[in-house]
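**Q** Chain by chain, the residues run as shown.
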Amino acid sequence: MDAVFKALADESRRKLLDELHKSNGQTLGELCVHLDMTRQAVTKHLLLLEAANLVAVVWRGREKLHYLNPVPIHEISERWIGKYERYRLQALSDLKRGLEQNQPKNKQPNKKG
Amino acid sequence: MAKPTLVYTTYIRSTPKKVWDAITQPKFTRQYWGGLALVSDWKKGSTWDMATAGKTPEIYTTGKVLESTPPKRLVLSWVDPENLKDVSRVSYEIAIVKDTVCLTVTHDQFKPSSTMPGRVNGGWPRVLSSLKSFLETGKGLAAANCG
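If you read the sequences in order, they're chains A and B. Using the working numbering, read the first sequence as starting at 1 and increasing by one per residue. Using the working numbering, read the second sequence as starting at 114 and increasing by one per residue.
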C-alpha cells in the first residue's frame with residue numbers, strides 16, 4: 001500500500017492516470033502528446049505506477065499499452081469506507097456533482113443547526 | 114489484433130491452484146462475488162453461468178468456455194442473458210511473479226453497441242479486490258457483486 005500512496009503523491013503521475021482514465025490502453029508516444037513532460041519523465045513515472053500496480057501493461061506485438069488499474073485504489077477505499085457508508089457517500093457525491101453542474105446559479109442556503 | 118478494452122491486475126499471496134479454484138468453484142466464488150457463483154465444468158466448449166444461489170437461480174451472465182488451461186488460463190465468452198447478441202470476452206491469466214500470484218483479467222471484444230463496458234467497469238475492481246482479500250484472509254469484501 002505504501003507504493004500506491006507514494007505513486008499517487010505526485011501531480012504528474014495523477015495526470016498520467018487521468019489521461020488513461022480518459023482513454024485507456026495508450027502507448028508511451030500517445031501519452032506524451034497530451035502531457036507537458038519529456039518522454040524520459042513520462043517513462044520514469046510510468047515505471048513507478050507499474051510498480052505500484054496502478055498501471056497494467058499489455059504487449060501488442062512491439063507496442064506496450066498502458067491501462068489504468070483501479071484494483072489497488074479499490075483496496076484502499078475498502079479499508080476505510082464501511083459497508084453502509086458507501087451508499088451514503090455515493091449519494092453525497094452525486095448530490096454535490098448534480099448541484100455544481102446543473103444549477104450553478106441556484107445556490108443552496110447554508111443549513112445551520 | 115484489436116486493443117483490449119479493460120485490463121485489471123492484482124497480486125495475491127497464494128498459489129495458482131488456489132486462485133484457479135477460487136475462480137471456478139461456486140463454494141468459493143459465492144464468498145467474494147456478492148453471493149454469486151460461476152457454475153460450469155470448465156471444459157472447452159461448455160456453458161458457464163453466473164447465478165444466484167437457491168432453488169431457482171437467477172442468471173446474471175452466461176457464456177461458453179473458450180479456453181481452459183488449469184491453473185494458468187481461462188477464457189470465456191461473456192453474454193448478457195437478456196440480450197444474447199451482447200457477447201464479449203473475458204480472459205483470466207494466472208502467473209507467478211516472485212513469491213506471489215499475478216492475476217490479470219482482460220475484458221475485451223465488446224460489440225460496438227454494447228452497454229457492457231460501463232456495467233462491468235466498476236464491478237471488476239470490486240470483485241478482484243474481494244477475491245484477493247478472500248484468498249489472503251479467508252474473507253471476501255462486502256458489496257462485491259459486479260455491477
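It should be emphasised that the hints constitute simulated quantities derived from the structure, not laboratory data. Certain hints may be false.
Claimed, not checked - Cross-link-like lysine-lysine pairs, in silico, DSS-like; alpha carbons within 30 Å at most: (1) Lys252/B to Lys130/B; (2) Lys22/A to Lys224/B; (3) Lys6/A to Lys252/B; (4) Lys64/A to Lys211/B; (5) Lys22/A to Lys116/B; (6) Lys64/A to Lys6/A; (7) Lys116/B to Lys44/A; (8) Lys252/B to Lys224/B; (9) Lys156/B to Lys198/B; (10) Lys44/A to Lys96/A; (11) Lys131/B to Lys198/B; (12) Lys252/B to Lys131/B; (13) Lys64/A to Lys252/B; (14) Lys198/B to Lys130/B; (15) Lys168/B to Lys116/B; (16) Lys156/B to Lys224/B; (17) Lys130/B to Lys211/B; (18) Lys96/A to Lys6/A; (19) Lys156/B to Lys6/A; (20) Lys15/A to Lys116/B; (21) Lys64/A to Lys224/B; (22) Lys131/B to Lys22/A; (23) Lys168/B to Lys64/A; (24) Lys44/A to Lys15/A; (25) Lys140/B to Lys64/A; (26) Lys96/A to Lys64/A; (27) Lys130/B to Lys44/A; (28) Lys177/B to Lys140/B.
Stated by the list, open to error - Take a look, some chain B residues computed to stay more than 10 Å from chain A by CB distance: (29) Pro117; (30) Glu195; (31) Tyr205; (32) Thr217.
Every residue gets a Cβ at the ideal spot worked out from N, C-alpha and C, and that includes glycine.
**Q** Regarding the pair Lys116/B and Lys44/A, is the alpha-carbon distance no greater than 30 Å?
**A** The given pair, whose Cα atoms are some 24 Å apart, holds under the 30 Å limit.
**Q** Between Lys64/A and Lys211/B, is the straight-line Cα distance small enough, at 30 Å or below?
**A** Given pair Lys64/A, Lys211/B holds - Cα atoms ~22 Å apart, limit 30 Å.
**Q** Between Lys252/B and Lys224/B, does the CA-CA distance stay at or below 30 Å?
**A** Given that 30 Å is the threshold and the Cα spacing comes to 35 Å, the pair is violated.
**Q** Are Lys252/B and Lys130/B close enough, with their CA atoms no more than 30 Å apart?
**A** holds, 18 Å
**Q** Take the C-alpha atoms of Lys22/A and Lys224/B, compute the straight-line distance between them, and say whether it is at most 30 Å.
**A** holds, 20 Å
**Q** Could you grab the alpha-carbon distance between Lys22/A and Lys116/B and see if it respects the 30 Å cut-off?
**A** Holds - the C-alpha atoms of Lys116/B and Lys22/A are around 15 Å apart, at most 30 Å.
**Q** Lys44/A and Lys15/A were given as a pair; does the straight-line alpha-carbon distance stay at or below 30 Å?
**A** Status holds; Cα separation ~14 Å.
**Q** Taking only the CA atoms, is the gap from Lys64/A to Lys252/B under or equal to 30 Å?
**A** violated, 35 Å
**Q** For the pair supplied as a hint, Lys156/B and Lys6/A, confirm whether the alpha-carbon distance does not exceed 30 Å.
**A** Roughly 43 Å separates the two Cα atoms, so the pair is violated.
**Q** What's the verdict on Lys198/B and Lys130/B, does the C-alpha distance respect the 30 Å limit or exceed it?
**A** The hint is violated at about 33 Å.
**Q** Going straight from one Cα to the other, do Lys15/A and Lys116/B come out at no more than 30 Å?
**A** The given pair, whose Cα atoms are some 22 Å apart, holds under the 30 Å limit.
**Q** CA of Lys64/A to CA of Lys6/A, is that 30 Å or under?
**A** With Cα atoms ~24 Å apart, Lys64/A and Lys6/A stay inside 30 Å; holds.
Of the hints listed earlier, those the structure fails to meet are numbers 8, 10, 11, 13, 14, 15, 19, 22, 23, 25, 26, 27, 29 and 32, in rising order.
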